[in-house]
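J.: So the sequences go chain by chain: U and Z.
By numbering that gives the first Met the number 0, the letter at position 413 of the first sequence is numbered 412, and the numbering carries on one by one without gaps.
By numbering that gives the first Met the number 0, the letter at position 29 of the second sequence is numbered 28, and the numbering carries on one by one without gaps.
Quick caveat, the hints were computed from the structure, so don't treat them as lab data.
The structure presented is a predicted model; accordingly, all values stated were derived computationally and were not measured.
Only true hints are included.
Examples of chain Z residues lying across from chain U (beta carbon under 7 Å, computed):
#1 47
#2 50
#3 73
#4 77
#5 79
#6 83
#7 96
#8 99
Taking beta-carbon pairs under 7 Å as the criterion, some of the chain U residues facing chain Z (in silico):
#9 2
#10 5
#11 9
#12 16
#13 93
Backbone N, C-alpha and C define an ideal beta-carbon position, used for all residues, glycine too.
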Amino acid sequence: MSNALVVTRREVLDSFRDWRIIVPILILTLGFPALSQFGAQLMLNFVTQYGAELIGERTIPFLLMIVGFFPISLSLVIALETFVGEKERLSLEPLLSTPLTNLELYIGKTLAAMIPPLLSSYVGMGVYLSGLLFGELAWRPQPMLIVQIVLLTTAQALLMVTGAVVVSSQTTSTRAANLLASFIVVPMSLLIILESIVMFGAPDAESPNGIFSLWVILVGLLIGTVLFMRVGTRIFNREELLGRSLDMLNLRWAWGVLWRQFGVRLLSGDIRRWYREAVFPVLGELRRPVVVVMICMVAAFVGGWVIGQMPDWRLPAASAQDEVGLANNFREWFEMGSRPATVLLAVWQNGRVLLAATILAAISFGVMAVVLAILPFGILGWLFAQFTVLNLSPGLFLAAVVPHSLIEVPAILLATAAAVRLGAIITRAHENTTVGEVWLRALADTFKVGLGVVLPLLILAALIEVFITPLVVRIALGG
Amino acid sequence: MIEAQGLTKHFGDFHAVEDVSLNVERGMVLALLGPNGAGKTTTVRMMTSILKPTAGWARIAGYDVTTQAVQVRAHVGVLTEQHGLYERMHPLEYLDFFGRLYHLDAATRRSRALQLMERFGLGDALSKRLGEFSKGMKQKLALVRAMLHDPSVLLLDEPTSAMDPQSAKLVRDAILELRRSARTFIVTTHNLSEAQILADRIAIIRRGRIIAEGTVEELSRRFVGEPLMELRVRFPLNGLTQQLGDMVDVVEQGDRWLRYRTADPVAVNPQVLRRLTGLGIDVVTLSPVQQTMEAIYLRIVEEDERAQNGSNNVH
Chain U
0 MSNALVVTRR EVLDSFRDWR IIVPILILTL GFPALSQFGA QLMLNFVTQY GAELIGERTI
60 PFLLMIVGFF PISLSLVIAL ETFVGEKERL SLEPLLSTPL TNLELYIGKT LAAMIPPLLS
120 SYVGMGVYLS GLLFGELAWR PQPMLIVQIV LLTTAQALLM VTGAVVVSSQ TTSTRAANLL
180 ASFIVVPMSL LIILESIVMF GAPDAESPNG IFSLWVILVG LLIGTVLFMR VGTRIFNREE
240 LLGRSLDMLN LRWAWGVLWR QFGVRLLSGD IRRWYREAVF PVLGELRRPV VVVMICMVAA
300 FVGGWVIGQM PDWRLPAASA QDEVGLANNF REWFEMGSRP ATVLLAVWQN GRVLLAATIL
360 AAISFGVMAV VLAILPFGIL GWLFAQFTVL NLSPGLFLAA VVPHSLIEVP AILLATAAAV
420 RLGAIITRAH ENTTVGEVWL RALADTFKVG LGVVLPLLIL AALIEVFITP LVVRIALGG
Chain Z
0 MIEAQGLTKH FGDFHAVEDV SLNVERGMVL ALLGPNGAGK TTTVRMMTSI LKPTAGWARI
60 AGYDVTTQAV QVRAHVGVLT EQHGLYERMH PLEYLDFFGR LYHLDAATRR SRALQLMERF
120 GLGDALSKRL GEFSKGMKQK LALVRAMLHD PSVLLLDEPT SAMDPQSAKL VRDAILELRR
180 SARTFIVTTH NLSEAQILAD RIAIIRRGRI IAEGTVEELS RRFVGEPLME LRVRFPLNGL
240 TQQLGDMVDV VEQGDRWLRY RTADPVAVNP QVLRRLTGLG IDVVTLSPVQ QTMEAIYLRI
300 VEEDERAQNG SNNVH
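All chains, full assembly: derive it from the sequences and hints.
T.: What follows is the structure, encoded as C-alpha cells:
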C-alpha cells in the first residue's frame with residue numbers, strides 16, 4: 000500500500016497546484032455553502048408565511064446534500080483524467096515501468112481522485128451546517144440524518160470515481176473519456192433526483208434511525224462501487240493502458256466477431272451441428288450463473304411466502320374467500336380462449352421481459368436481470384402464502400402454476416443466466432483479448448441461447464399454458 | 000544478465016515482434032538497431048514487463064518478465080521512448096517521487112538525484128519547473144530517473160534522440176562509464192554511428208525479427224565481406240596489381256593506391272609488405288578501411304529485403 004500512497008500523495012499535490020481545480024473547490028467549499036445557507040433561510044421565511052414550514056424544514060437537509068454533492072462532482076473530472084490524461088501527456092509509461100503493482104496504481108489513482116473533492120465536500124457541508132446550527136436559524140436536525148447525508152456523499156464520490164477510473168483506463172483520449180462520462184453523470188443525476196424526492200416525501204424523515212430509503216440507496220451505491228472496483232481491478236492492466244491507440248468504433252470488426260461467435264456458418268449448414276458445437280458449449284458455461292439465479296429465485300419465493308404470512312401483507316379475508324369471485328376470475332381467464340393468438344401473447348409477454356432484463360443486465364453488471372427475474376417468484380411465494388393462510392387448497396395454486404412452469408422456469412433461468420453472464424463478464428480478467436471482444440462474444444452467446452433454447456422453450460411453455468394448464472385447473476376445481 | 004528466447008508479441012493480427020532471442024552478458028552493451036516501427040520499443044516493453052509476451056520468455060537480472068514482473072521492474076532502469084514528465088513539479092521533487100517508488104531512503108534519494116543531475120549538467124536547473132525544461136534537458140532528467148535506483152540493467156530507448164551533440168556525448172560517456180562498472184545495457188537506436196560507438200554487440204531488428212546480430216566486425220565480415228585494406232605507394236602502380244594477384248583479391252585501384260580484401264590481415268599484410276619491399280616499391284601506408292555501420296546496415300537490410308521478396312515469390 001505504501002507505493003499506492005506515494006502515487007496518491009503526488010497526484011493530490013499536483014491537483015492542489017492546478018488553479019483549474021483549486022478555484023472551483025474554493026468556491027464550492029466556501030461560497031456555495033454560504034449562499035445555500037442564505038437561500039435556506041430565505042426559503043424558510045417565505046414558506047412560513049403560508050404555513051408550509053414543512054417544505055422549508057425539508058429543504059435544509061436537501062441543500063446539505065447538494066452542498067456536499069457539487070464538490071464531489073469534481074472528483075469525476077479528476078478521475079476521468081487520471082489514466083487517459085497521463086497517457087496523453089506521455090507520462091504513463093515511466094510510471095508503468097516502476098515496481099508499482101497494478102493494484103497499487105489503481106488504488107493510488109482512485110484515492111487521489113477522491114481526496115481533494117471529498118475534503119472540499121466535507122468542509123463545505125461543515126460550513127453550511129455550522130451556519131445553520133449556530134446561526135440565527137438554530138436548526139436541530141436528527142443526527143442520523145446528517146450521518147446519512149455524509150455517508151451518501153462519500154458513497155456517491157466512491158461510485159463516480161471507481162466508474163470514472165474504469166472509463167479512463169479504457170479510453171485513449173480525455174475527450175472520449177468525457178463523452179463516456181455521461182454513463183456515470185446521467186444515472187447519478189437520476190439518483191440525486193430520487194434522493195431529493197425521498198428527502199422531501201419520506202414519512203420517516205424525523206426518525207432517529209434516519210430515512211430507511213436512504214439506507215437502501217446507500218447499500219445500492221456501495222454494491223455499485225464494489226462492482227466498479229472489481230471491474231477496475233480486473234480489466235486494469237498495463238497492456239490495455241498502453242496498447243490502445245484508437246477509439247474508433249469498428250462496426251465491421253464487431254459484426255465479424257458476432258457473426259463468428261454466433262456460428263452463422265454452422266447454422267446455415269447443419270442445425271444439429273450448430274446446436275452441438277455452438278449452443279450446447281455455451282450452456283455448459285452458464286452453470287455458475289444458473290446456480291446463482293436459481294438460488295435467488297428460491298430465495299425470492301421463500302421471501303414472498305414469508306412476507307405473505309405477515310398480517311399486514313395478507314389479502315383481505317373477505318375478498319379471498321369470495322369463492323364466486325374467484326371462480327369468475329378463473330372463468331375470465333378461460334374465456335380468453337385457447338387460441339394461437341393467446342400463445343403469441345404469452346410468448347411476447349415473457350419474451351419482452353427477458354429482453355428488457357438482458358438490456359438492463361448489460362448496463363448493471365447483470366444485477367438488474369436477476370432483480371427482474373426473481374420478482375415474479377416473490378409474487379408467486381406471496382400468492383402461495385395466501386392460499387395456505389386462507390386455507391384454500393394449495394392444489395389449485397399448483398395446478399395453475401406447475402404445468403407450464405416446468406418448461407417456462409428453465410427458460411427464464413437460462414435466459415437470466417445468459418444475461419447475468421453478459422453483464423458480469425466485464426468484471427473478469429481476460430488474457431490476450433480486449434474487454435470489447437469478450438463482451439461481443441458474450442452477446443453472441445446470449446443470442447444463441449435466446450434463439451436456440453429459450454425461445455423454443457417459451458413457445459412450448461405458452462402452448463402448455465394456453466391449452467393444458469386450464470384443463471388441469473378445471474380438474475383441480477372439480478370439473 | 001539479459002536473456003530472451005523466442006520472444007513474440009502479437010496485437011491481434013499484427014505481429015509486432017516475432018521470435019526474438021537475445022543474450023547480453025553482464026557489463027555489455029547491446030544496441031538494438033532498426034527503423035521506426037521495427038519492434039524495438041515493443042521488445043523493450045516486454046523486457047520491462049509492461050507487455051506480456053504472446054510467446055517465448057525473457058529473464059532480466061535473473062527474474063522472469065512474466066512471473067516476476069515487479070522484481071524485474073525493481074532491477075531495471077528504463078528510459079522510455081516518450082519521457083513525459085510531470086510538468087508542474089521541480090526536478091528534485093520529481094526524482095524524489097520515483098525514488099520513493101523504488102523504496103530508496105530520503106538521504107539516498109536526495110544525494111543520488113543531486114549527483115546524477117550534476118553529472119548530466121542539470122545542476123543549475125534545480126529551481127525550474129519541469130515544464131520550463133528544454134527537450135534535451137527533459138531527456139537527460141528522464142535518464143537520471145532511469146539511473147536513480149542504481150539498477151544493474153538499463154534499457155534505454157533512443158537515449159540521445161533529442162539532444163545536441165554535446166549532451167549526446169555526455170550521455171554516451173555516462174553509458175560507457177556505467178558499463179565499466181558492470182552495468183548491462185540494451186540501447187535501442189536508429190543512430191548507426193551511436194550504435195557503433197556504444198555497443199559491444201549489435202542486433203538489427205526489422206519487421207519484428209532480429210535479422211542479424213554480432214559485433215561490428217562480425218557483421219561487417221558477414222555482410223560486407225572480408226576486411227578491406229588500403230595500400231598507398233609513393234609512385235604510380237605500373238602493373239603492381241598483377242604482382243599481388245596470387246596473394247590478395249584486389250577490388251579497387253587508383254594511380255597510386257589499391258584496395259584488397261583478405262580473410263587474415265595479420266598473416267597476409269606482412270607478406271604483402273615483404274613482397275613490395277623486395278620489388279623496391281616505397282609503401283606510404285597500409286591500413287584497414289573502416290566499414291561504416293551505415294554500409295553494414297544497408298547491406299543487411301538489402302539482403303533481408305531480397306530474402307523477403309524471394310520468400311514471397313515462392314509462396
